[in-house]
Amino acid sequence: QQQVKQSPQSLIVQKGGISIINCAYENTAFDYFPWYQQFPGKGPALLIAIRPDVSEKKEGRFTISFNKSAKQFSLHIMDSQPGDSATYFCAASGGSYIPTFGRGTSLIVHP
Amino acid sequence: SAVISQKPSRDICQRGTSLTIQCQVDSQVTMMFWYRQQPGQSLTLIATANQGSEATYESGFVIDKFPISRPNLTFSTLTVSNMSPEDSSIYLCSVRWSGQETQYFGPGTRLLVL
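Residue numbers (my numbering), protein chains in the order written: chain A, 15 to 125; chain B, 388 to 501.
One or more of the hints may lead you astray.
[Unchecked claim] Partner residues are not named here, just some residues of chain B that face chain A (Cβ under 7 Å, in silico):
1) Ser429
2) Glu488
3) Thr489
4) Phe492
5) Gly493
6) Pro494
7) Gly495
8) Leu498
9) Leu499
[As the list claims (entries may be wrong)] What follows is a list of derived Cβ distance ranges for each label pair:
10) A/Lys56 to B/Trp484: 38 to 46 Å
11) B/Ser468 to A/Gly108: 29 to 37 Å
12) B/Leu501 to A/Gly109: 38 to 46 Å
13) B/Ser392 to A/Ser110: 25 to 33 Å
14) B/Ser468 to A/Lys82: 37 to 45 Å
[Claimed, not checked] Heads up, simulated SDA-like pairs for lysine to any residue below, C-alpha to C-alpha not over 20 Å straight-line:
15) A/Lys56 to B/Thr417
16) A/Lys56 to B/Leu460
17) A/Lys56 to B/Ala389
18) A/Lys56 to B/Gln409
Derived by calculation from the structure, the hints in this document are not laboratory data.
Glycine included, C-beta positions come from ideal geometry on N, C-alpha and C.
Produce the complete structure using the sequences and hints provided.
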């Protein structure tokens with residue numbers, strides 16, 4: 015049973031556009047929601063993370079929106095750049111601190 | 388965060404052989420983990436590497452196939468034994484410090500089994 019559902023599987027955006035990736039979780043014990051960015055040939059790197067006590071967190075062009083009642087969270091990439099082309103994974107963790115990962119979204123930003 | 392390195396970075400192996408992957412961290416860490424990432428797929432936890440004791444394996448993974456060692460707080464190895472083409476994957480080392488929730492990943496080992 016997949017506990018974190020991520021969509022879309024792939025996303026193509028024009029340079030300067032907004033990229034939006036959505037995730038939904040089932041386990042209400044989750045209380046930490048990180049996003050990872052993975053470039054080809056590299057390991058995943060932490061991009062931004064949020065806890066359920068806030069509804070939004072922004073770091074530069076990257077924003078997480080969190081809806082606790084709907085058990086959903088999303089990543090928004092504003093002014094998307096070709097250098098943002100990568101695979102993005104959402105994740106969720108609870109007391110064990112071992113994250114459950116979404117299936118990933120392959121983002122391509124066309125120049 | 389710390390610098391996490393893995394060796395080898397990639398390898399091509401024949402079926403039936405075994406490969407040992409090393410993970411080295413430049414500072415002591417509380418927890419070390421091994422993940423598998425199959426092509427186009429998500430990250431699947433293989434096991435938690437416990438310092439000084441046997442690793443804790445997730446469902447579907449067994450010690451005979453994926454023996455793990457962790458002799459100290461900065462180093463761990465994962466062996467992929469008796470390999471088959473289905474073992475072709477990226478193997479990732481991950482670490483976490485006590486009191487922190489974030490896991491940090493190494494660069495991965497890209498394995499192709501022929």
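Hints, verified against the model:
1. Ser429: Holds, about 5 Å.
2. Glu488: holds (5 Å)
3. Thr489: Hint holds; threonine 489 of chain B Cβ to chain A Cβ min 6 Å, cut 7 Å.
4. Phe492: holds (4 Å)
5. Gly493: Given a least distance of 5 Å, the restraint on glycine 493 of chain B holds.
6. Pro494: holds (5 Å)
7. Gly495: holds (5 Å)
8. Leu498: At about 14 Å, which exceeds the 7 Å cut-off, the nearest Cβ of chain A leaves the hint on leucine 498 of chain B violated.
9. Leu499: violated (14 Å)
10. A/Lys56 to B/Trp484: 38 to 46 Å: The hinted range 38 to 46 Å is violated for lysine 56 of chain A and tryptophan 484 of chain B, with Cβ atoms some 21 Å apart.
11. B/Ser468 to A/Gly108: 29 to 37 Å: holds (32 Å)
12. B/Leu501 to A/Gly109: 38 to 46 Å: Between leucine 501 of chain B and glycine 109 of chain A, where Cβ atoms are some 42 Å apart, the hint holds.
13. B/Ser392 to A/Ser110: 25 to 33 Å: holds (26 Å)
14. B/Ser468 to A/Lys82: 37 to 45 Å: For serine 468 of chain B and lysine 82 of chain A the Cβ distance comes to about 44 Å; the hint holds.
15. A/Lys56 to B/Thr417: violated (23 Å)
16. A/Lys56 to B/Leu460: violated (23 Å)
17. A/Lys56 to B/Ala389: holds (16 Å)
18. A/Lys56 to B/Gln409: holds (16 Å)
Hint compliance for this structure: hints 8, 9, 10, 15, 16 are broken, all remaining hints hold.
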